[in-house]
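There are 2 protein chains.
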Amino acid sequence: MTTRSSTDAARVIPEATVARLPVYLRALTALADSGIRTCSSEDLASAAGVNSAKLRKDLSYLGSYGTRGVGYDVDYLRYQIAREIGVTQDWPVVIVGIGNLGHALANYSGFRSRGFRVVALLDADPGIVGREVAGVVVRPFDDLEEIVREHDVAIGVIATPAVAAQDVADRMVAIGITSILNFAPAVVAVPEGVDVRKVDLSIELQILAYHEQRKANGADASTEADGGAA
Amino acid sequence: MTTRSSTDAARVIPEATVARLPVYLRALTALADSGIRTCSSEDLASAAGVNSAKLRKDLSYLGSYGTRGVGYDVDYLRYQIAREIGVTQDWPVVIVGIGNLGHALANYSGFRSRGFRVVALLDADPGIVGREVAGVVVRPFDDLEEIVREHDVAIGVIATPAVAAQDVADRMVAIGITSILNFAPAVVAVPEGVDVRKVDLSIELQILAYHEQRKANGADASTEADGGAA
DNA sequence: TAGATTGTTAATCGATTAACAATC
DNA sequence: TAGATTGTTAATCGATTAACAATC
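Chains as they are written, first to last, in the numbering used here: chain A, 50 to 279; chain B, 50 to 279.
These aren't lab readings, by the way, just hints derived from the structure by calculation.
Among the hints, erroneous ones may be present.
The list makes no distinction among identical chains, and a pair is therefore deemed to hold if it is satisfied within one copy or across any two copies.
The calculated lysine to any residue pairs, modelled on SDA-like cross-linking and capped at a C-alpha distance of 20 Å, are [to be verified]:
id	residue 1	residue 2
1	Lys106	Val167
2	Lys103	Arg127
3	Lys106	Ser83
4	Lys264	Ala173
5	Lys106	Asp219
6	Lys264	Pro210
7	Lys264	Glu253
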């Protein structure tokens, strides 16, 4: 629709590919950490748990960063993927809902190393506000707007009980947050232009249970065994 | 391949549909809780955050549980979906790795009500073994086999650091667990016939960051705004 | 019967895969 | 040059969607 610079052309990366780029990034980091400088698509694919055809197809959407007959320079490809995802910079995030899960998220050490920075922990419960969690003092939910403006937060994490999730999302959206990661077991509705991703423990377990039940029933185990595998 | 009873015929539910059945189940439970006895595909679809065509197509794989001109009986459909997923019975699960996340998972109250029962918490760290978490005493990882046999556990949850994940998965598979939910930020390889699902905080955040970056760049916001939405 | 809503069809869209020409 | 491996093509597969006949 809008005009684009020529260097930026042809940048329509399929959603399925976008979802795998972080996996490749992590696999490349692991390879680099073990001292490997160059890898083939086969090597990287196996480290990422996909087949090499899919990997090469995915990378082809980013550009031509490999060398035929040789493979990929690990550091170079890693940087290109990080740049494409947008994690060469740090993204400020807020976590709302500091119960057991919020606590665990706040303590998650992988944030900083993967392009994210927790700028605030918020909770509506006065009994939790003021406590120190992961070295940060929990602030009242009503401070959300101030914090978002101050740190230019674009990504919010919801770790509240289900009943509160929609209200929190509404407040986030009203204040200008356009990406939400929702851990609450509830569907949240947002206007167009806002991305919501959902992480749901019991849904994942139920998907496993479905396949497990079919295995137990002994029906066609051979054809459906790996149906839900990541 | 194998012969099936006639009542069991035509049971090939697409993976994308399987992944949505738990969402429908939850939406139906919410409707039932608010006293609604009957709903249309439009009602249920909107509660589940999908469009009604997709919902009806999904339900059609299970059978004909609605009434034309009327809609669906909430309780009846809920039971049918629960039966299809396999959560009319309780599934025993073990959680391995009782750090911050394992702690949060152990305390998650949605387990029991959604068809799962945590039969043991395990950790390899002697400093954690013996502590009481969520009313359960943490046991040594080496007790895994005994516990799995005793409770006939089919589903294992990995909440360890990344380095330990593959070892834990290998032990689980060796002992006969055939479904694994992996929260560790690592790819785990398993033999055919074992299902692994992966939940990864930083991957979800990175997918959001990708879309966020594109919004910020102002490129075609209108066409890709909702690209990664759940 | 008239109105409402399901279940199904068929078209479209997007993702995966294997094969191989290009090329280091 | 010969061997290796990428990047791309084209075929296949699976998922989504709109439309509507069936039917309560």
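Hint-by-hint comparison with the structure:
1. Lys106 to Val167: For Lys106 and Val167, the Cα distance exceeds 20 Å both inside one copy (34 Å) and across copies (41 Å).
2. Lys103 to Arg127: within (17 Å within a copy, 38 Å between copies)
3. Lys106 to Ser83: Neither: 26 Å inside a chain and 48 Å across chains, both beyond 20 Å.
4. Lys264 to Ala173: neither (44 Å within a copy, 30 Å between copies)
5. Lys106 to Asp219: neither (38 Å within a copy, 30 Å between copies)
6. Lys264 to Pro210: Neither way: Lys264 and Pro210 sit 33 Å apart in one copy and 29 Å across, limit 20 Å.
7. Lys264 to Glu253: For Lys264 and Glu253, only the intra-copy Cα distance (17 Å) is at most 20 Å; the inter-copy one is 30 Å.
Hint compliance for this structure: hints 1, 3, 4, 5 and 6 are not met, and every other hint is.
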